[in-house]
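Taken in sequence, the protein lines are chains A, B and C.
The first sequence begins at 7 in this note's numbering and counts up by one.
The second sequence begins at 7 in this note's numbering and counts up by one.
The third sequence begins at 7 in this note's numbering and counts up by one.
One copy or two, it doesn't matter: identical chains are merged, so the pair holds either way.
In silico DMTMM-like pairs for lysine to aspartate or glutamate, Cα to Cα no more than 20 Å straight-line:
| hint | residue 1 | residue 2 |
| --- | --- | --- |
| 1 | 212 | 241 |
| 2 | 159 | 84 |
| 3 | 202 | 176 |
| 4 | 86 | 249 |
| 5 | 128 | 241 |
| 6 | 205 | 176 |
| 7 | 179 | 263 |
| 8 | 179 | 262 |
For the record, the hints were derived by calculation from the structure and aren't laboratory data.
One letter stands for each residue in the lines below.
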Amino acid sequence: MPPTTITLLTDFGYQDHYVGVMKGVILSINPQIKFVDISHNVSPHNVLEGAIILNNAYSYFPRGTIHIAVVDPGVGSDRKAILVAGKDYFFVGPDNGIFGLVCNRLKEFNVFELTNSRFFLKPISATFHGRDIFAPIAAYLSKGVPPAEMSQKIKNYQSLSLPVPIIEGERIKGTVIHMDGFGNLVTNINRGHLKKIGKENSLKVKIGERIITKISPNYQSVNRGKLLALIGSSEMLEISVREGNTWKMLGYKEGDEVLVF
Amino acid sequence: MPPTTITLLTDFGYQDHYVGVMKGVILSINPQIKFVDISHNVSPHNVLEGAIILNNAYSYFPRGTIHIAVVDPGVGSDRKAILVAGKDYFFVGPDNGIFGLVCNRLKEFNVFELTNSRFFLKPISATFHGRDIFAPIAAYLSKGVPPAEMSQKIKNYQSLSLPVPIIEGERIKGTVIHMDGFGNLVTNINRGHLKKIGKENSLKVKIGERIITKISPNYQSVNRGKLLALIGSSEMLEISVREGNTWKMLGYKEGDEVLVF
Amino acid sequence: MPPTTITLLTDFGYQDHYVGVMKGVILSINPQIKFVDISHNVSPHNVLEGAIILNNAYSYFPRGTIHIAVVDPGVGSDRKAILVAGKDYFFVGPDNGIFGLVCNRLKEFNVFELTNSRFFLKPISATFHGRDIFAPIAAYLSKGVPPAEMSQKIKNYQSLSLPVPIIEGERIKGTVIHMDGFGNLVTNINRGHLKKIGKENSLKVKIGERIITKISPNYQSVNRGKLLALIGSSEMLEISVREGNTWKMLGYKEGDEVLVF
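Bound conformation, chain A alone (with noise of 0.2 Å):
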């Protein structure tokens, strides 16, 4: 049998030892595990940016790949920790959201509370339970632990919704849900919204005071250094500079309202 992959996703950044704790709490439990690391550089404390960048990776995974992701800074209160179990792949962490994307997209799957302590590191820290209960939890779960002999099945979990833009007659009013490392401003209009307004050949964008007359196939379609909108790997309308930094260019950012006309 291939060895289960476990990916962590996390806001612990890569100066401290957190993250490596996670990995050696799991390997003392499986020494057979695969590590991917999605990201520990979510912005310490944004939940929804973890959400999204979770939303876009867990899907390339293999079948059975337990994701972790911990940006908690309800660590230690009584905020639930749950196990998610979906047909193809399993989600750990803490009940705040942090799943809520993946789970509107999973057809079949359900949720438990973390509640049998037997399968956690002692002492319980207030403050990193990424190492006392998330990697134990998951390390235990690839070796074939049931999720209902460490975890009760819940109906209620912290749901999580990104703002849907408005379509009115021939235009699209969106929004910038997120930026990358590259300055890539990534927004909530997908390809389906293009074609409900039609007119593909004659799309313009419009962000703050500038306006992009057409959505490009690909970067190199403008010159170095302008301004341009296209569809991005994840199948979203994205509005780049090409070879440069929108947010740093321009100052546009998450939040930004984006039209479509």
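Once you have looked at the hints, place chains B and C on chain A.
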């Protein structure tokens, strides 16, 4: 037999080929190795910071794990290259105090000077012993080459110790010894020190001109953006701003005095 | 048979899901792969910097290692996607010079254009060929699919070369070609160039207005904070500040002229 884990802790950063090359050298000798990165963002040349991070991490790994630590401003000089062999863990790196805190905690251990250049990569550079000495030694160790074949037992090694808090009656005078990536300030005061002065529920903490009126059970015990004190994941008293960065917001940092009373 | 190693070198940074997703795609095809990250902090769109880092790293890995390099400002345009097959290593990425320095060093190699979309991930995005083309091709290659089945041999590829130092009598005029994360400045002058002008023990180095009066054997040969010149780990002349950052302290950087005399 499960694969051996080798961890890496350096100040090499994430920009260059240095860490990747060390892993390449190791895999060329033992292709079965599992790697875990502890951190490569130790402040450049800061041996104490490296020692603290390693000390926070090493004991969470499976028995037999080999920890390589390279914060090595003396590379290429006559500082020794060493291997510390404990009951459960091995440590490979420069003899400059980076293993000092670990050695203070290990009960039984031997220190070996890496003297047998037959196990080094040639030519040995003057600037990158991580690649030329520490990586191959760790790899051969993982393949079962006994330390005595690669090195010579020595008695003296570079020790290191953290400042000890001063307890005077019902007062503890401590110090911030470490700042993590969130800006949390870790002090040298632990749970045991707090117990010694008694009055568990009425402890106050002073840093700079600020007085914190209790030890909180978790971050959520105070409002967002407020300063708090709590017992962190390494069982030390920590000072934090809830969902904020204590250092960026208040300027407190390593070396600052902390009073508990 | 030992597991195949795939290395990754990109300018994707550590903030987004991009690198993790490439690994997920690869593990979905070949779950036995071992990953090593070379760096994901290549300066955005800087093909030359990526080529230098790859050139410093590739040869330290086990035979059969597949190196993926994606610094790819031309993604989605008509730039080719290629596979370079050397005697010991494979390279997968865009045909934009990123493999230029490697090809200058390899003795025997063939270059293939990735033309068989049967091996790509669909739909192929215009912005993320790392995920859609390079990752799956590397994964199938690791499973033994022959290059000729996925691609077509080609004769021309994008070459790249570094500036060559000019030797005039007892003088070498060179250039800083790379700055590492410590701020060390790597020049294009190697040990062989130094030997050519003789006078081994009386060499001087000039950068900007500063003259360094010898080649030091290691960092400790000068006082802390002082400028020095030494032969670095890639066998090139480097200019450093002991336990300091040459770039931050003195402002010297890539492209600056370096004289040896």
